[in-house]
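*Asks:* Residue strings, one per chain:
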Amino acid sequence: SAVISQKPSRDICQRGTSLTIQCQVDSQVTMMFWYRQQPGQSLTLIATANQGSEATYESGFVIDKFPISRPNLTFSTLTVSNMSPEDSSIYLCSVEEGSGYEQYFGPGTRLTVT
Amino acid sequence: QKEVEQNSGPLSVPEGAIASLNCTYSDRGSQSFFWYRQYSGKSPELIMFIYSNGDKEDGRFTAQLNKASQYVSLLIRDSQPSDSATYLCAVNIVGATSNTDKLIFGTGTRLQVFP
Numbered sequence: 020s021a022v023i024s025q026k027p028s029r030d031i032c033q034r035g036t037s038l039t040i041q042c043q044v045d046s047q048v049t050m051m052f053w054y055r056q057q058p059g060q061s062l063t064l065i066a067t068a069n070q071g072s073e074a075t076y077e078s079g080f081v082i083d084k085f086p087i088s089r090p091n092l093t094f095s096t097l098t099v100s101n102m103s104p105e106d107s108s109i110y111l112c113s114v115e116e117g118s119g120y121e122q123y124f125g126p127g128t129r130l131t132v133t
Numbered sequence: 353q354k355e356v357e358q359n360s361g362p363l364s365v366p367e368g369a370i371a372s373l374n375c376t377y378s379d380r381g382s383q384s385f386f387w388y389r390q391y392s393g394k395s396p397e398l399i400m401f402i403y404s405n406g407d408k409e410d411g412r413f414t415a416q417l418n419k420a421s422q423y424v425s426l427l428i429r430d431s432q433p434s435d436s437a438t439y440l441c442a443v444n445i446v447g448a449t450s451n452t453d454k455l456i457f458g459t460g461t462r463l464q465v466f467p
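Chains V and L are the protein sequences, given in the same order. Quick note on our numbering: the first sequence kicks off at 20 and runs consecutively. Quick note on our numbering: the second sequence kicks off at 353 and runs consecutively.
One thing to keep in mind: the hints can contain errors.
Said to hold, decoys possible - List of simulated lysine-lysine pairs, DSBU-like, C-alpha gap at most 30 angstroms:
hint, chain 1, residue 1, chain 2, residue 2
1, V, K84, L, K354
2, L, K408, L, K394
3, V, K84, V, K26
4, L, K408, V, K26
5, L, K408, L, K419
6, L, K354, L, K408
7, L, K419, L, K354
8, V, K84, L, K394
9, L, K354, L, K394
These are computed hints drawn from the structure, not numbers from a lab.
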């Protein structure tokens, strides 16, 4: 499977600021996804990011709060804007590989908002 | 609302026993089913996927799928303390376009294997 890296691995940010998380893949992939995992919870899909098209956001997530870029087939960014303590979470990117919708995850970014 | 349900556990089994993890899903159109293992503080790791009714074996792991009952399970034979983790069931939801295909995750079952 693809090797996926994320930057930063963790950060502590003040409320009202923004953080951009990077996701880099070592091979070209069409489908990339951004998830949030709050403490003790399961994964919640934020948006799907396909190269060459606008990201598709899930209910409850909006582009103004979570803008996503997908400039090429190996890279994507997720920005968490105007942060509040409720945004404290682990943010994960994943890629789809194989013929059956298998997804593989990056190591995650642990965000704490104070 | 498409849902995936799992017992949160913890499921405690002794070393060497068979651990049985269960998952039900609501979308009858789902065709792909996945089991992820997540150690504390780590990201989910794909360990099994299954598309057809019946059993699929990979080493100590067996995934079982029953589409009529909308039920998928994971058996772990000869359980080891290193298998202690949260196991997430995920189901593919096919959207109207490829941009809306997605995985829906259950809340996970915490497995504890004690020596």
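*Asks:* Would you mind marking each hint as holding or not holding in the structure?
*Replies:* Outcome of the hint check:
In summary, the hint linking K84(V) to K354(L) is supported, as the alpha carbons are separated by about 25 angstroms, within the 30 angstroms threshold. Only pairs whose Cα atoms come within 30 angstroms are accepted, and K408(L) paired with K394(L) is accepted, the gap being roughly 26 angstroms. A threshold of 30 angstroms between alpha carbons decides the hint, and for K84(V) with K26(V) the separation of about 19 angstroms falls inside it, so the pair holds. A C-alpha spacing of about 36 angstroms is found between K408(L) and K26(V), which places the hinted pair above 30 angstroms, so the restraint is violated.
This hinted pair checks out: K408(L) and K419(L) have alpha carbons roughly 14 angstroms apart, not beyond 30 angstroms. Of the supplied pair hints, the one linking K354(L) and K408(L) holds, its CA atoms being roughly 25 angstroms apart against a limit of 30 angstroms. For a cut-off of 30 angstroms, the pair hint linking K419(L) to K354(L) stands: about 15 angstroms separates their Cα positions. For the proposed pair K84(V) and K394(L), the alpha carbon gap of about 26 angstroms is at most 30 angstroms, so the pair holds.
A distance of roughly 26 angstroms separates the Cα atoms of K354(L) and K394(L); the hinted pair therefore holds under the 30 angstroms criterion.
In summary, the one numbered hint that this structure violates is 4.
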